[in-house]
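With the hints as extra help, turn the sequences into a complete structure.
In case you want the letters, here they are:
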Amino acid sequence: MRVGVFICHCGSNIAGTVDVARVAAEARKIPGVAFATNYMYTCSEPGQDEIKAAIKRENLDRIVVAACSPRMHENTFRKTIQKAGLNKYFLEMANIREHIAWIGNDKELNTEKAIDAVSMAIAKVMQNKPLHATSFKINKRVLVIGGGVAGMQAALDCADGGLDVVLVEKSPAVGGIMARLDKTFPTIDCSICILGPKMVDVGQHEKIKLFAYSEIEEIKGYIGNYQIKIRKKATYVDWEKCTGCGLCMEKCPSKNSYDYFNFGVAPTKAINIPFPQAIPKKAKIDPNYCRQFLKGKCGVCAKICPTGAINYEMKDEIVTEEVGAIVVATGYGLLDQNILTEYGGTRYPDVISGIQYERLLNASGPTSGHIERPSDHTEPKTIVFVSCAGSRDKSIGVPYCSGFCCMYIAKQAILTKDHIPDSQSYVFYMDIRSPGKGYDEFTRRAQEEYGAQYIRGRVSKIYPKGKKMIVRGADTLLGTQVEIEADLVVLATAAIAAEGAAEMAEKLHISYDTFGFYVESHPKLRPVETNTSGVFLAGACQGPKDIPSSVGQGSAAAAKVLSLFSRDMLESDPAIAQVNTNACVGCLKCLKTCPFQAIVEDTLRSGKKVAKVIETVCAGCGVCTSTCPCGAIQLQHFTDNQLLSEVSAICQM
Amino acid sequence: MSDVGTKELRIVGFLCNWCSYGGADTAGVGRFKQPTDLRIIRVPCSGRVDPLFVVRALLTGADGVLVSGCHPRDCHYSEGNYYARRRLEMLRRLLQFMGIDEKRFHYTWVSASEGQKWQQVVTDFTKQVHELGPLHDKKEKAD
Amino acid sequence: MSTEKLKEIILKVLPDVDTVIGWQEGFDKIHITPFFMKSPEDAEKAVWNSLCVQNLAAYLPSLKKKTAVIVKGCDSRTIVQYMQEGLIDRSNVVIIGIPCTGVVSVKKVLKAVDYQPIEDVKFSDEKIIIKTSKGEKTLAIADVCPDKCKTCQYPTPIVYDHLAGDPIESTKPAESVYEDIKEFEKKSLEERRDYFKNEFDKCIRCYACRNACPMCVCQDSCIAETRDPHWITQKLSSEEKMMFHMIHAVHLAGRCVECGECERVCPMDIPVAKLKKKINSEMKELFDYVPGVNPEDKPPMYTFNVEEAKIKEHKL
Amino acid sequence: MADTGFLPKEKLKDFLEALSKDAVVYAPALEGDIVLFKEYSQGKDLYLDRPANLGPKSIIYPQCETLLSFDFKKNDPEDPKKVDIELKTESNFANTVVFGCRPCDAKGLVIYDKVFIDTDTADPYYKERRDKTTIISFACEAPFAGCFCTAVGGGPADTTGSDVLMTDVGDGFFFEALTEKGKAVLKSVPMQDGASYKEKAQKIKSEAEKKIRNPFPKDATEKLSQKLFDSDEFWEKVVSKCISCGACTYLCPTCYCFNITDEKTKDKGERIRTWDACMFNHFTLETSGHNPRPSKLKRFRNRVGHKFLYYPEKYNGVIACCGCGRCIRYCPASVDISEIVGYLKDPKQK
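Protein chains in written order, with the numbering used here: chain P, 465 to 1117; chain A, 441 to 583; chain L, 1256 to 1571; chain G, 27 to 376.
You may find that some hints are simply not true.
[To be verified] Coverage of chain A stretches by chain L, computed from C-beta distances (three or more under 8 Å per stretch; other residues unrestricted): (1) 513-527; (2) 531-539; (3) 543-554.
It should be emphasised that the hints constitute simulated quantities derived from the structure, not laboratory data.
If you're wondering where the values come from, they're calculated on a predicted model, not measured in any experiment.
Even glycine gets a Cβ: it sits at the ideal position worked out from N, Cα and C.
Next up, the structure:
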């Protein structure tokens, strides 16, 4: 074996605290090492050329690069040695920057540690075997989960790019949160007016197959070849027949159904079309409120429906779709107001959330755009907005900023003045966060042109006094306590992960953070990728986002899918489990522990029962290898012998 | 000499590629200083860590072994760390029984973003192993 | 329970199976040996007494044809564990259970008679009478039984198709099972380490413990002898011997049915089962799991809970 | 008078201490409940009541020995491609006395000698140890469980392979020197004249011989039945219960199979020889994955065949079994090789 070792200075990043020349000299002493050198910037083009030249000149067959983290440049150097004719798995990296040079000041100790790191890499590379990727066909269809603005944007961009799109939305209509907003900041243009055309496009695009009121049941497979089971929840209305005429809704006698679209601002009918612009514009029955379901008799809608679309016997239906990539755009949720006990939870009807206020402002909302107090339907004159209602509050587990509340409060204060010119708005805030084009100017307008009074401080308590709500808080700028007698209080409740976000992540095999938001592959450089190849993120499922960011991510995710699908074949990672059928005793313990069901039972010609790995399904975690008692199933590139060689390189008594 | 003050001991770390190895990278990027005793072996998943690697290391010269993976629920392979948790807990109790102080072995969860936590883990574990001293009567390094 | 009743069952079962595995007399009076019966004439030679120590269930995974096996309560746990792990086809096995009040440790008997060659053995209610050239010696079975019998929880087989005798309830308190482990843990760390070093140093790596172990499914593929993977060298150092026994223990985690065969067969008298019993006590504590008791259970190392009630994150 | 000698029992330790001055003395001692050969040191207890669980074979033929060690040296720092390999063979085997093994154990060594010494290419490692070792055997008064030495050409007082034979004559031990080495040993320590005990010892020895069982049938032929030997059915019948472990072979005084492996760390390593066992699957496993003896039936047949057919064919009819009975005594499944050979010698029985 002829190992070549390249020790990188990384300028002074490594060389500053590691004696790189000594590390190279020590490497030269190790049996099997035919060449060792140190180089200023190994990852630079001349640095890589040097490796390629050395491979030819010194006839090297394995390469160790001691430099930064392999998470940074492993791929770079794999390509380098591949260009020089070596199998790319004949590379090992020793991380002497992040794990050594940057975390210790003692040059002597760092150098010793770097020598060990290089010894381990040499020991391992000598155990490495050439691995070869196999190619497989990609199914060029894409699944988009979530029909909010981010998901719709991703779906439309993919469809316009010529891909077949399966769009799954769990509520009865697409549009997400944006469809419920009245106006958007900072331009004050009508939210549904700009979103509506997109919704129509989604509904009509011949490349988009929309599953509304449907949820993801199961995801199997891997990049390029997923099998998705979709649960079409029972609507009790045959959507093939429903024309969306709305007659049923008009005649339905169950008038007290919870209105999900309007966040319960006012009740709706048990059979309803969520909102006038709904796509698809189809009715559905809420069996929790429908008399037919509760009492077993009614049947008004069935009688009135001109197309006979009502079907009380309808059951959930599971359909399977096959796709090659997934865009996750499941959005976000809002903090349950009940947690905010100091604000009365939801005990006081005139303390409402920001999104409920949006619905009060909206011309097609339950009040037709007239702002009225939920308690007595009178017009409020004094309105208090409380920002950070839950956000930036460690005690309730939301230490982060929800990002868009400062802006929508300013917008709502402006709209309030427009709707009720003699009203006075107060805004309690902690900091005004308005980074964005025209954003800061917008919050200033709310104060300067629309007279909203901004009070810097937290609200400590809200309680009723007669018909009024007393809002007590601190004005930290004046250093005084303030009490405002309000007619209506609007809480900017914190943005949290969508309901069921964790379960969805588990189905997708992607990571999520402490708060339930999905984790991107790299916070800066891979913002819409996940660590699971083939799965991309868009919108607020990754973290609270405003509309332009969500749309931007939707397009970005679509671009990633389109570029992935620009190839016909994909290469599978060969670093997967492999069974030595001579050693395998067929106990199939590996099959029980494989998280991906990538192992099946197989029978050899001799009749011997053994485990078999489905190459394309194996994700390379190695749980099987540490389960197998006889070492018969080995995760390639991380075999027992490879890891043992690293252990013995540093543990020798 | 290591930051802990006495002669360096041999500590082997098995880190999962996706979380803890990344966490150690993050600690490096943040220049969070750590004792130098630890030698890191990268594995794809904490579920890849056969408890016998820990045994092998402890029997052949390591004074301490650290295993770190993704937090439960956050495994890149969704379930690997759950298996690791059971196996390593079993091992911890077995080591103590056979006369190897359980403090020489630690398993924990550090995510790719938790650079500071990683620094803390390495510092505290190194300190803990130093308090116990060497496990073996080692010959002085030949050179 | 009489040998006659057992023979009756064997004769009944024989036509349906390829082999009935039982016991017969061995090379001397104190040694009983496993017996693979194929014919009614064989059945005549079958024996059952408290010298029938071997766990015959261990032969099952290697046999392809339909087999009947005679098991004591403790041995039946092996079959239950095989069922949990899918290592046998239950429909291919006929289980003849024997309620058992305890067997005899041949090692203990030999010690009691100063290792004199044994000329004859007789049984008389819960006693064993040993005749050597130096005379007769009567020993209470309770005094010379293997340690596992002292805390036996399953005197009646857990699974069986035929039961030769009436079921017996255990009279031993369940808490007593791991008392020896708790007692051992009172030793200091150093004492425990020295203890295992001294014991394992006697090991000659003959692998009798491994091969006798019913749960060592690898057998010919055992990593103690391979170079790929190369977990262990062929050297005879303390470390390598310790490593071998750790391999055995770790691979049996949550699977050891405590039949005690490893310890019984060790020609060097090493307490091979101790590590495994310790792990079992932890499996009970952590997962409320006892190997080889319920065919529907899942061995704890091959499953998990998202929230582990008993595993707490360890602080440094 | 150096050919025989007598020591009262209480003087035995003085004798061992005197021997220890010029040699490393191994003697049987209790280790828990088992008997092992341990290096004798002053005041240490002896245990002669029964044969050791593992005989003295590991002293002369260690279970693991370093044949050579190697170092990779890179002496030219400028040219890492230049590697020198330094080989070292070390021998530091001191003069040794094995005290208190049984005649069967000593006979086993003679079976090794034919393989390791009496060939064109003697094994220097083995030969050196053998040459430097003196064997003082202790005659058996009565058989132990499983013993059948007389049936394979030995006996409780057989002298083959021993340098000195020691017999318990009641109030002390009677010593007979059998070789020059033995004479030298007896000469080296003061001892009473043994002549008067010779007759008594002879009587004890012949009494003992009568007590040994002969497992082979009376009218058994010398040769084994080839037909039965070749019958899979026979082997299935007699060894189905075998669990394929190596206890029999490792404890056997005449089994000598070994494996040679290189165990290497970063820059140095050793070539070691370790005991191996024909009962293990790996023993005959070929690189291709093929195994000519894939089942325990085949492997067991080979073990019996080697001891009772192949070895005798090669070495003038000498059976490679000393009848010590260990493989029977310690077999986890109580497989009895003497019974099996008995069948093969008289197939009518079965």
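Against the structure, the hints come out as follows:
{"no.": "1", "hint": "513-527", "result": "holds (count 7)"}
{"no.": "2", "hint": "531-539", "result": "holds (count 8)"}
{"no.": "3", "hint": "543-554", "result": "holds (count 4)"}
In this structure, none of the earlier numbered hints is contradicted; all agree with it.
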